[in-house]
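Q: If you want the building blocks of each chain, they are given just below.
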Amino acid sequence: MKPQSRKLAIAALAGGVSIAAVAVLRGKAGRRRTASLRVERGLTALRLVARGGARYASNAPRLFAAAGEHRQQLRNDLALQTAEDVAATLGTMKGVLMKLGQMASYIDDGLTPAARRTLSRLQDSVPPMSPELAAQVVTEELGLPPEQAFATWDPEPIAAASIGQVHRAITLDGRAVAVKVQYPGIAETIEADLGNVALLRRMLKISAPSQDVDGLLAELRERITEELDYRAEARNQQLFARYYQGHPTIHVPEIIEELSTRRLVTSDLADGARFAELATWSQAERDLAGETIYRFVFRSLYEMHAFNGDPHPGNYLFRGGGRVTFLDFGLVKHFTDDELRPLVEMVKHLCVENDPEGFRRAMVEAGFLMPDTPMPTDMIVEHMALFYDTVRERGPRTMTGEYAAAVTRRFFDFRSPLAAYAAIPRSYVILQRINLGLFALLGELSATADWRCIAEEIWPFVQAPPCTPMGAAEATWRAARRDFGEARRAVR
Amino acid sequence: MTEPKGQAEAVTGLVERSAAAYVSAVPGHPQDDGFFGPASVTWRISGDLSAPVAGLRSLLMQALHPLAMAGVDQHSDWRRDPVGRLAATSAYEATVTYGDRASATRVAQRVRAIHTRVRGVDTVTGQPYTATDPALLLWVHAALVDSALAASTLFGTPLAGPDADAYVGEMRIAAELLGVPPEIIPATVAGLERYIADVRPVLRCTPAAAESMGYLLDPAGLDDDIAELWQDIRDAAIAALPGWARQEYGYPAPAPVTPERRTEVRQALGVLDAVFLAEPGVLEARQRLVLRTRSAAKETSG
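Chains as they are written, first to last, in this note's numbering: chain A, -1 to 490; chain B, 125 to 426.
Among the hints, a few may not be true.
What the hints assert, rightly or not - Listed below are several chain B residues computed to face chain A (Cβ distance under 7 Å; list not exhaustive):
id	residue
1	Arg390
2	Gln391
3	Gly394
4	Val395
5	Ala398
6	Gln411
7	Leu415
To be verified - Over the 12 Å line for every Cβ pair with chain A, so calculated as not near, a few chain B residues:
id	residue
8	Gly244
9	Asp246
10	Leu301
11	Ala379
12	Ala392
13	Asp397
To be verified - Estimated spans, in silico, between C-beta atoms of each pair:
id	chain 1	residue 1	chain 2	residue 2	range
14	A	Met373	B	Tyr339	43 to 53 Å
15	B	Gly152	A	Ala277	47 to 57 Å
16	B	Asp287	A	Thr80	45 to 55 Å
17	B	Gly338	A	Ala196	40 to 50 Å
18	A	Thr137	B	Thr424	25 to 35 Å
Everything labelled a hint here was simulated from the structure, so no lab data went into it.
Here a beta-carbon is modelled for each residue, glycine too, at the ideal position from N, C-alpha and C.
Hey, can you work out the whole structure from these sequences and the hints?
A: Written out as structure tokens, the structure is:
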């Protein structure tokens, strides 16, 4: 039988500036409808967690709030005291579930942005480690107890991280730093649980054996596994920190390499307002913050050939005037020139040269579209245009939650006749998470800007002069970077 | 096969109602530590990951007593509302375990009052029965205690020998609360095993047992995802049964519980637990128990 399409929930899309595609994994011909229905019902187990998760997260603070001034005491009393406590709390798939929850947008559109956020906040409801347990991890990693490895060590964590917690400290040479400490045993337990592919398949509701499904699972497992080793995160954060050094609005805290290990990441301490607080600031401030985030995402893509893959509201600190500190580089995707080229071609042909056939060719070249797709080009363009909606024309546009939702719906539209001829090369899977997340985030800010105009500054095939004050400041920064070209080569 | 809407209701019913039962049973402001308390082995084993397997195995064992089964079959509404029946049972067990003495005594009195009305004649053996019969109550008790031990040994955190004896000893009060004379309740693991061996000749799989357990092992209308998790838990419960009990039911011999198989079952239990934990109030109830257990441990060591 000629292999045709069996739909699985995936498509790659990249927003305004770069690319989009509907994608499909292949299977048996007659099963198309069944398969896509299956996917729509998919992730039920995860949805149950998400649904409950909304309550979980909203209930937990109530318990703490009720305790009033005893809140800290209560957190201490519930703290994880031993590696066994960690295993009981995050072992037997629970850590994996949280991670999958964070990645739910990879797989399924059934979760609302709020539910997705809630799921990713599940981790915040995990109790912190006791001061003794955190100190034990530091001691194992650095060979010295924290009081000796640092000049000052704050035993109370200041924040929860996905599989660890953050402590403040001052290094022996006087730098104020944030130290992310991983829960002991968590990496091993998640790694072991990721080995149960059958259960993962079930949770993701992927039932038929198929090489493509294995590919998606492999991608998810690889991404999760990558986040278990903080050294990869430290390397990535350092690349971004070096690249954006001196940038007028983008700030990435520097890594202190000698204090970063498999289970510790030490970086400069940053502060600022959280996303929830930004939402209470003036619209002008929110627009500026939106512009900075947008510039960060696409500058990184086009010039560093890298994406920080986690546009989660918790990963930003806001300091006014559009200044944003970017945190958490646990999920970074690097692109080769060959991987990036077709994405650039697609946006160029569609948005600048107005060449639908060229756009179609680039989609085929990237592997998003089968070469023998019988659909007319204008239909393909019509389907894809939504993804480029904010950058096809000049003029101020407001990102809205409705637009973000429409993009997500279109992205997961398996009923489209085009879906049968689209595919998702594995190396682009991660783009989806970033772009859906980015639109949702900007939509939540109701951020307004002339996105097309900003994109033209960044598009390597246009490189237009600055069109906003922030663009002008960025241009000055770029000009001042004598070693710019060299740095760019260095980070590839 | 039911329609998707019915499926969704079935599954939310099962998870939500067991969760609600658990939450209502764990007291916010107990007057005392109840009949077991935070330092007890009973609290530890009741919170074990293997508890759902223990619960299912316990029902499979209890149903093998023809008179106990006849009482349930002729007097309970499990066919009309099986989920509600399960939730009521788990609410009772949780209140006796975690509630203060007044609450535990109150629910036990209520059950004893109901038991006085549960009487009749078993159609299979032709024997009369009454739910106040200490022999039947003891069987139900022993099946539960034995199942907690078996499930935790295979799929949970096994109890060390002295702890297992302590658990059997602690649990005697649960049987006493329902009217079993203390002198006939096993107090050690060895005593429990002797008792079960003594009862074995009367145990058999009646048609009522086959029907109700058939439902329990493969509940109609479970949502796919939960149904698949349920399969693992069901297979684990069957694997934890004594060989003779499996033969009574006619279940094929299960695959051996290898370390890999044990891990798989634990992972399925973990997912189920995550779903359970996400229900309203469950996290807080667990936290209340953790806080009490920790402060008890502190007192003991201090």
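Q: Compare the structure with each hint and give your call.
A: Quick rundown of the hints versus the structure:
For Arg390(B), the suggested interface contact is upheld, since its CB lies about 5 Å from the closest CB of chain A, less than 7 Å. Hint status for Gln391(B): holds, given a least beta-carbon distance of 5 Å to chain A, under 7 Å. Annotation: Gly394(B) was flagged as interfacial toward chain A, and the flag holds, the nearest CB pair being 3 Å apart, inside 7 Å. The beta carbon of Val395(B) is positioned within 7 Å of a beta carbon in chain A (closest approach about 5 Å), and the interface hint is therefore held.
This hint holds: Ala398(B) has a C-beta 5 Å from the nearest C-beta of chain A, less than the 7 Å allowed. Here the hint on Gln411(B) is kept, as its CB sits about 6 Å from the closest CB of chain A, short of 7 Å. With a least beta-carbon distance of about 6 Å to chain A, the hint placing Leu415(B) at the interface is held under the 7 Å criterion. The non-interface label for Gly244(B) is consistent with chain A: the shortest C-beta to C-beta separation is roughly 40 Å, beyond 12 Å.
Separation of Asp246(B) from chain A is adequate, the least Cβ-Cβ distance of about 40 Å exceeding the 12 Å criterion. With a closest Cβ-Cβ approach of about 30 Å to chain A, Leu301(B) is found to remain outside the 12 Å limit, as its non-interface label requires. Residue-level check passed: Ala379(B) sits 14 Å from the nearest beta carbon of chain A, beyond 12 Å. Distance check on Ala392(B): its Cβ comes as close as 6 Å (rounded) to a Cβ of chain A, failing to clear the 12 Å threshold; non-interface status is violated.
At roughly 7 Å, the least C-beta separation between Asp397(B) and chain A is not larger than 12 Å, which violates its mark as non-interface. For the pair Met373(A) and Tyr339(B), the supplied restraint of 43 to 53 Å holds, since their beta-carbon distance comes to about 50 Å. Taking the beta carbon of each, Gly152(B) and Ala277(A) are about 34 Å apart, not inside 47 to 57 Å as hinted. The supplied range of 45 to 55 Å is broken by Asp287(B) and Thr80(A), whose beta-carbon atoms lie about 19 Å from each other.
At about 25 Å, the beta-carbon gap between Gly338(B) and Ala196(A) misses the expected band of 40 to 50 Å. The hinted range of 25 to 35 Å is satisfied by Thr137(A) and Thr424(B), whose Cβ atoms lie roughly 28 Å apart.
When the structure is compared with the earlier hints, violations turn up for hints 12, 13, 15, 16 and 17 and for no others.
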